[in-house]
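Using UniProt numbering, you'd call the opening residue of the sequence shown number 1 and step up by one each time.
By construction, these hints were calculated from the structure, which means they are not laboratory data.
Among the hints, a few may not be true.
Claimed, not checked - Quick list of simulated restraints, FRET-style, between CB atoms:
{"no.": "1", "residue 1": "Pro291", "residue 2": "Pro271", "range": "19 to 27 Å"}
{"no.": "2", "residue 1": "Leu208", "residue 2": "Ala269", "range": "26 to 34 Å"}
{"no.": "3", "residue 1": "Asp125", "residue 2": "Gly202", "range": "12 to 20 Å"}
{"no.": "4", "residue 1": "Pro271", "residue 2": "Cys6", "range": "54 to 62 Å"}
{"no.": "5", "residue 1": "Ile174", "residue 2": "Ser471", "range": "46 to 54 Å"}
{"no.": "6", "residue 1": "Ala269", "residue 2": "Ile174", "range": "42 to 50 Å"}
{"no.": "7", "residue 1": "Thr224", "residue 2": "Asp272", "range": "25 to 33 Å"}
{"no.": "8", "residue 1": "Lys205", "residue 2": "Trp26", "range": "52 to 60 Å"}
To be verified - List time: in silico BS3-like cross-link candidates among lysine-lysine, alpha-carbon distance up to 30 Å:
{"no.": "9", "residue 1": "Lys128", "residue 2": "Lys63"}
{"no.": "10", "residue 1": "Lys76", "residue 2": "Lys214"}
{"no.": "11", "residue 1": "Lys162", "residue 2": "Lys102"}
{"no.": "12", "residue 1": "Lys163", "residue 2": "Lys102"}
Because the structure is a prediction, the values reported are computed rather than measured.
Just so you know, even glycine gets a beta-carbon here, dropped at the ideal spot from N, CA and C.
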Amino acid sequence: MDGTPCNVGTRDMCISGICRRVGCDWEVDSGAREDRCGICHGDGSQCETQKGVYSKREGSGYKEVVIIPAGSRNIKVEEVGNSRNYIGIGSATSGKFFLNGKRQITLAGEYLVAGTPALYERERDWEKVRIPGPIKEDILIYLIYRGRYRNFGLKYEYTVPKKKPLRVPEYNWIFSDWSPCSATCGSGTQVSHPVCQEREEGTVKDDLCNSKTKPDQQTRVCNTHPCPARWWIGPWQLCPVTCGEHAMRKRTVMCVFLHSEGADGREMALPDRDCEGQERPGEHEPCPNLPPCAIPSTSSSIQDYAASSDFVSTSAPLPEDGIIVDGDIHEEESEILNSNSSFVTLDTDDAIQDDEILLNSIKTDRTYENVVQFVHIGENSTAHTVHDGRREERVNAGGWTVTPWGPCSVTCGSGIRTRSVVCPKQEGICNLNIKPSVLEYCHTRKNCSFEQRPGWSLEVPADCMDKLLPSLCNSFEHMCYTSWYIRQKCCHTCR
Numbered sequence: 001m002d003g004t005p006c007n008v009g010t011r012d013m014c015i016s017g018i019c020r021r022v023g024c025d026w027e028v029d030s031g032a033r034e035d036r037c038g039i040c041h042g043d044g045s046q047c048e049t050q051k052g053v054y055s056k057r058e059g060s061g062y063k064e065v066v067i068i069p070a071g072s073r074n075i076k077v078e079e080v081g082n083s084r085n086y087i088g089i090g091s092a093t094s095g096k097f098f099l100n101g102k103r104q105i106t107l108a109g110e111y112l113v114a115g116t117p118a119l120y121e122r123e124r125d126w127e128k129v130r131i132p133g134p135i136k137e138d139i140l141i142y143l144i145y146r147g148r149y150r151n152f153g154l155k156y157e158y159t160v161p162k163k164k165p166l167r168v169p170e171y172n173w174i175f176s177d178w179s180p181c182s183a184t185c186g187s188g189t190q191v192s193h194p195v196c197q198e199r200e201e202g203t204v205k206d207d208l209c210n211s212k213t214k215p216d217q218q219t220r221v222c223n224t225h226p227c228p229a230r231w232w233i234g235p236w237q238l239c240p241v242t243c244g245e246h247a248m249r250k251r252t253v254m255c256v257f258l259h260s261e262g263a264d265g266r267e268m269a270l271p272d273r274d275c276e277g278q279e280r281p282g283e284h285e286p287c288p289n290l291p292p293c294a295i296p297s298t299s300s301s302i303q304d305y306a307a308s309s310d311f312v313s314t315s316a317p318l319p320e321d322g323i324i325v326d327g328d329i330h331e332e333e334s335e336i337l338n339s340n341s342s343f344v345t346l347d348t349d350d351a352i353q354d355d356e357i358l359l360n361s362i363k364t365d366r367t368y369e370n371v372v373q374f375v376h377i378g379e380n381s382t383a384h385t386v387h388d389g390r391r392e393e394r395v396n397a398g399g400w401t402v403t404p405w406g407p408c409s410v411t412c413g414s415g416i417r418t419r420s421v422v423c424p425k426q427e428g429i430c431n432l433n434i435k436p437s438v439l440e441y442c443h444t445r446k447n448c449s450f451e452q453r454p455g456w457s458l459e460v461p462a463d464c465m466d467k468l469l470p471s472l473c474n475s476f477e478h479m480c481y482t483s484w485y486i487r488q489k490c491c492h493t494c495r
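Could you build the full structure based on these sequences and the hints that come with them?
Following this line, the structure appears as structure tokens:
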């Protein structure tokens, strides 16, 4: 129950259903404790312990054992063996009984003795009493004989303030027990801290020892056995496209084992068979959150869209952990996404152009599942060229006028290029079923350098170390400027 002590004789309190430690300074979880003399943060030198054993084997009725004075603490009374006799406690001045008085034996439990809680325990007729104290009056301990049962001994002890001159305490530094190992395998460390100890009273506050003689903590190696093999999973690489469906991205998966844990840990590659029995993580997944590819309205020219506010330039940033594992794209032709119809072929010599890094996209109210169509010549298609003095135009069998492709929207990587497709006659005369596409993908022969990608840092610490094997870091050196993960694991190689 909240607000009640957890155990007899302690300050520990039940708070929100949990037993919480309360120090002698009455702060929760403070760790402050009284010494055996009842002094908070004391060193135990202000009191002394009195001990004795009542060993008279035979008797009858109530026999006085010892008087314990008021103010005593840490009172312990217990039988040496199972005698089937009882322990009694009464006032040394008034004749009042606190426990097992007037031939009335009480059950084991918690009782109030001389103004302080006491715990009375009985286990198979073996009795003991604990009184943390301090008691407020002198008490008298009794041994209550039961007929022919013999006494095997009744021992007692209690702590009282010292009456003789105080002993000069002696403080020295000792080392604590070793801490748990920092690693479960591959070599970890354990530490032992110096603590202050009084010669007779044990561990005390560090402030009582001479700080100038305090030794450094000790360290030792532990758990040096090798770590088991496991699957290493690299970050997902950049998706090959920026819009559309069914695109896949990839990551690297390899079997490794950790040669040692901690800051100096080394991961070493192993054959995949060494990770048998562990489920291998997947290497491919669909590109997430790709938007549909958009195209301009079929009744307007691409030049009108370029001049309007709906024509914008955007830059798709790399993910924070972006990595390109399989190298770069070297497509020299436009991608065919839909070729179910026959169209007039246009010149593609200017498909790969150096322009700007931003990828131009077209906003429109109409979207299609397949927005890019590669134009090709059908068996029954015919085409001719129209010259208007400004640019070359071609007309296909459907009556559509098509201009040459514009430049690619990017100077590196993948982009788009556009052209104008219009019906020079009335809208109803041109064949809508074979209208050519106004938009297609283009891939440059030039790879995007690291400096061209926003949101990345080239800073590498001068004192860094490789955390993978040198052979692995040498293999991944070409990825130093595309993957923060490789720069971290192969820091020295990437400098």
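Okay, the hints, checked on the actual structure:
no. : hint                         : in the structure
1   : Pro291 to Pro271: 19 to 27 Å : violated, 41 Å
2   : Leu208 to Ala269: 26 to 34 Å : violated, 55 Å
3   : Asp125 to Gly202: 12 to 20 Å : violated, 34 Å
4   : Pro271 to Cys6: 54 to 62 Å   : holds, 56 Å
5   : Ile174 to Ser471: 46 to 54 Å : holds, 48 Å
6   : Ala269 to Ile174: 42 to 50 Å : holds, 46 Å
7   : Thr224 to Asp272: 25 to 33 Å : holds, 26 Å
8   : Lys205 to Trp26: 52 to 60 Å  : violated, 18 Å
9   : Lys128 to Lys63              : holds, 17 Å
10  : Lys76 to Lys214              : violated, 37 Å
11  : Lys162 to Lys102             : violated, 35 Å
12  : Lys163 to Lys102             : violated, 36 Å
Violated hints, in rising order: 1, 2, 3, 8, 10, 11, 12; the structure is consistent with all others.
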